[in-house]
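Colleague: Since the structure of chain F is provided, determine the placement of chain B on it from the hints.
In the order they appear, the protein sequences are chains F and B.
The first sequence begins at 0 in numbering that gives the first Met the number 0 and counts up by one.
The second sequence begins at 0 in numbering that gives the first Met the number 0 and counts up by one.
These are computed hints drawn from the structure, not numbers from a lab.
From a predicted model like this one, the values you see are computed outputs, not experimental measurements.
Glycine included, each C-beta is placed from N, C-alpha and C at the ideal position.
Check the hints yourself; a few may be wrong.
Negatives, chain B to chain F, calculated, CB over 10 Å [said to hold, decoys possible]:
#1 Tyr48
#2 Asp174
#3 Asp179
#4 Gly233
#5 Asp236
As a list, the in silico BS3-like pairs of lysine-lysine whose alpha-carbon atoms are at most 27 Å apart [to be verified]:
#6 Lys31/B / Lys112/B
#7 Lys136/F / Lys4/F
#8 Lys5/B / Lys136/F
#9 Lys242/F / Lys4/F
#10 Lys136/F / Lys233/F
#11 Lys5/B / Lys112/B
#12 Lys233/F / Lys31/B
#13 Lys233/F / Lys112/B
#14 Lys4/F / Lys112/B
#15 Lys112/B / Lys136/F
#16 Lys4/F / Lys233/F
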Amino acid sequence: MHPAKSIVFFTTLTGAGYGLLALLGLFGVLGLLPAGGLWGAITMAICFGLIFAGLLSSTGHLSHRERAWRAFTQWRSSWLSREAVAAVLTFVPAGLFALGWVGLGEVAGWTRWAGAVAGLCALVTIFTTGMIYASLKPVMEWHTPFTVPGYLLYGLMSGLSVLTAILSGLGHLPDGLPLVAALICLLGFFWKRASWYYMAHQARLPSVNSATGLGEGTVRSVQWPHSSQNFLLKEMGFRIARKHRRRLRLIAQGCGFLGPALLMVLAELLEGPGGSLLLIFAAALQLVGLLVERWLFFAEATHTISLYYGLGASSS
Amino acid sequence: MTSLPKTTERQLGLAIDLDSCVGCQACVTSCKEWNTGGHMAPLTDLDPYGENPDGVWFNRVHTYEQVTETKSRTIHFPRSCLHCAEPACVTVCPTGASYKRQSDGIVLVDEDKCIGCKLCSWACPYGAREFDDDVGVMKKCTLCIDRIYNENLPEENRVPACVAACPTGARHFGDFSDPDSAVSVLSRERGGVELMAELGYRPTNRYLPPRARACGDNNIAPLEAVAGEGGLLGWIDRLLSR
Numbered sequence: 000m001h002p003a004k005s006i007v008f009f010t011t012l013t014g015a016g017y018g019l020l021a022l023l024g025l026f027g028v029l030g031l032l033p034a035g036g037l038w039g040a041i042t043m044a045i046c047f048g049l050i051f052a053g054l055l056s057s058t059g060h061l062s063h064r065e066r067a068w069r070a071f072t073q074w075r076s077s078w079l080s081r082e083a084v085a086a087v088l089t090f091v092p093a094g095l096f097a098l099g100w101v102g103l104g105e106v107a108g109w110t111r112w113a114g115a116v117a118g119l120c121a122l123v124t125i126f127t128t129g130m131i132y133a134s135l136k137p138v139m140e141w142h143t144p145f146t147v148p149g150y151l152l153y154g155l156m157s158g159l160s161v162l163t164a165i166l167s168g169l170g171h172l173p174d175g176l177p178l179v180a181a182l183i184c185l186l187g188f189f190w191k192r193a194s195w196y197y198m199a200h201q202a203r204l205p206s207v208n209s210a211t212g213l214g215e216g217t218v219r220s221v222q223w224p225h226s227s228q229n230f231l232l233k234e235m236g237f238r239i240a241r242k243h244r245r246r247l248r249l250i251a252q253g254c255g256f257l258g259p260a261l262l263m264v265l266a267e268l269l270e271g272p273g274g275s276l277l278l279i280f281a282a283a284l285q286l287v288g289l290l291v292e293r294w295l296f297f298a299e300a301t302h303t304i305s306l307y308y309g310l311g312a313s314s315s
Numbered sequence: 000m001t002s003l004p005k006t007t008e009r010q011l012g013l014a015i016d017l018d019s020c021v022g023c024q025a026c027v028t029s030c031k032e033w034n035t036g037g038h039m040a041p042l043t044d045l046d047p048y049g050e051n052p053d054g055v056w057f058n059r060v061h062t063y064e065q066v067t068e069t070k071s072r073t074i075h076f077p078r079s080c081l082h083c084a085e086p087a088c089v090t091v092c093p094t095g096a097s098y099k100r101q102s103d104g105i106v107l108v109d110e111d112k113c114i115g116c117k118l119c120s121w122a123c124p125y126g127a128r129e130f131d132d133d134v135g136v137m138k139k140c141t142l143c144i145d146r147i148y149n150e151n152l153p154e155e156n157r158v159p160a161c162v163a164a165c166p167t168g169a170r171h172f173g174d175f176s177d178p179d180s181a182v183s184v185l186s187r188e189r190g191g192v193e194l195m196a197e198l199g200y201r202p203t204n205r206y207l208p209p210r211a212r213a214c215g216d217n218n219i220a221p222l223e224a225v226a227g228e229g230g231l232l233g234w235i236d237r238l239l240s241r
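The shape of chain B in the complex, shown without the other chains:
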């Protein structure tokens, strides 16, 4: 049913730290590797070694340059499904293929019901859904439901593949419906941002903006002059400079 649940018991999602992300693409490839054998498998690649490689990815990292009056910085920006509380991608679905789970708030696609009309991809402002031309159905991030509840994995690995892969700890997974969960606290402390909040999708994922850098007063002492010194070092310098 593409009507949304009135409430969800939990609201699982990610807190993504734009301060720590170094744009290494580890989350991207790890996501692809896990999910091409996971719930939404396969993540089809078309022409992978050719002129115009194309394919389905659930997580893509953009790079931006932010320029303000006082500074400019490079920011790496991972973009994936935000598992919104009001996901229009679900409500526009005519077939009931898209749904939001009441138990944990994860937004999923039932591939066996999808007719491939692509309307959900139009309804998502974040570009989270990608169509698989080969299979003819829409695909999207599952928040790794086949990892986070997977009792065959050691408990510390029961997190989405992107979170497990991140070498800088920029991705955090948890329950945003619990105000005391680690992600909720982190998001609160760092001023976590809802992307395009004005559209009213109420995304679950939060982006932690880059911290302010210490800059301005430059108190580092100037380097010592090397030329014209006397003493032993001066003698060595003159000797080597011949």
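Chain F extracted, bound-state conformation:
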């Protein structure tokens, strides 16, 4: 599948933004968020900034942005529409939460509950994002049990990295939080490795025989219907070079999971402003790594249309 920049940025940034919002809800209920309107303003600006940047990027994928409002109408059948609705509805409790934290200066009483509801809505939003891809049967690398948990896990993981960096920068880092964040990064790493393992070993279905209705024997494409590229090949016949894939996977693992985990452990040992800098760097590094991870999520995925064109699978 063609890795469109707009969608790569969209899913990565909103994943981190909504993941952060989900954790703010949790931390608010646990009473771990610092009092003070300024702290609230800084945190919520980062959270909303990530979400807005992501949502704005998603509209870059549309050819008719003036009709984008229509995407809120088909939530009965479409996961993309459900995502649009959930993404926007989340702003109601999230806005109340931000108002309470910034205006009243503390996360208590109704603000706490608004935060909890916002957090749940944020989780629902990430879930719907994952379902857009997991529900597509023609893309076997997405139509797996790994996709939705992956989106939730990477969203929460990057959200936690950002939250850890923020709380450390504001001087309100709960004890041991970097270690917890590092553990979540390792969990993300293992989930990614398991997803790739599954991808490499899953049965390649359907077959070209099934796609053409020619049941027996080997079926080989000898002539395409057209002599140059077309929409189908550009959009769904994207193939990634093997050597690039190996390197990009290393970058995704290093920057997206293992590097940040290592930095977080170092920050726990270092403490002080040096530790804060390390945590900020870890969060930024992770976002870069996840952009590469998300690019690969698209680039390595194959569509059944490649069967008709006799294109080999890129992921095996």
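Modeller: For chain B alone, kept in the frame of chain F given last:
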């Protein structure tokens, strides 16, 4: 509404005979010619006379080689929208631009509602939808709704352009919801195949697999020897061979 109708009154579609198709591309060009002025017009071409011509087509013919233990054969394979009973291309549409008609089961796009997110093209396993970069909307086969109901055309021409154009009669149009319709009977008799049935889209169109060829025992008598014959023909042969 991108929710699917519970039932459709009819289920119009095509039966495509892979035994008769000769890969002449007449259905391809005829489809393009009709539809570039039809319901989904235009079928944009980009760089048509340049190095890399690109454009929107609703029907494309692939060529395959099928090799089995006993034989190998060349097969021409026209690929177009199958007007599925469970079209995920419709249900994934966030705007209501894609829809399946209750009256005849045809899957269409309302160009005025399409935002160009391309998700429907990802959801279609058959590559039936093609994006028009120029207009910024998704386009697809309409089963020639502007021909099959067109009272300005003589009745025998009220079939999709691809069906009308086929010189070998490899394309058949009809109602698959009626078990006694010509296409239903044909599909039943020839063992019509649902493409990628395991994905559960329940396509309407059927592909009729190539018939088994008579081969094996070769009973044709060997050619007669021409050399060394006597008589008049032998004399002429010797005369001409000098």
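Colleague: Against this structure, judge whether each hint is valid.
Modeller: Here's how the hints hold up against the structure:
Annotated as non-interface, Tyr48/B keeps its C-beta farther than 10 Å from every C-beta of chain F; the closest such distance is 12 Å. No Cβ of chain F approaches the Cβ of Asp174/B within 10 Å, the least distance being about 21 Å, so the stated non-interface status holds. Listed as outside the interface, Asp179/B is consistent with that label: its C-beta sits roughly 23 Å from the nearest C-beta of chain F, beyond the 10 Å cut-off. Listed as a non-interface residue, Gly233/B keeps its Cβ farther than 10 Å from every Cβ of chain F; the least gap is roughly 48 Å.
Every beta carbon of chain F lies more than 10 Å from that of Asp236/B, the smallest distance being close to 44 Å; the non-interface claim holds. For the suggested pair Lys31/B and Lys112/B, the alpha carbons sit about 23 Å apart, so the restraint of at most 27 Å is met. Distance restraint check for Lys136/F and Lys4/F: the Cα-Cα separation of roughly 23 Å lies within the 27 Å cut-off, and the hinted pair is therefore satisfied. Only pairs whose Cα atoms come within 27 Å are accepted, and Lys5/B paired with Lys136/F is accepted, the gap being roughly 21 Å.
At most 27 Å may separate the alpha-carbon atoms for a hinted pair to count; Lys242/F and Lys4/F meet this at roughly 21 Å. About 19 Å separates the Cα atoms of Lys136/F and Lys233/F, which keeps this hinted pair within 27 Å; it holds. Under the criterion of a C-alpha separation no larger than 27 Å, the hint pairing Lys5/B with Lys112/B is consistent with the structure, at around 23 Å. Between the alpha carbons of Lys233/F and Lys31/B the distance comes to roughly 21 Å, so the proposed pair stays at or under 27 Å and holds.
Annotation: proposed proximity of Lys233/F to Lys112/B holds, straight-line Cα distance about 24 Å (limit 27 Å). With a C-alpha separation of about 24 Å, the suggested pair Lys4/F and Lys112/B falls inside the 27 Å cut-off, and the hint holds. Between the alpha carbons of Lys112/B and Lys136/F the distance comes to roughly 25 Å, so the proposed pair stays at or under 27 Å and holds. This hinted pair checks out: Lys4/F and Lys233/F have alpha carbons roughly 14 Å apart, not beyond 27 Å.
Against the hints set out earlier in the document, no violation occurs for any number.
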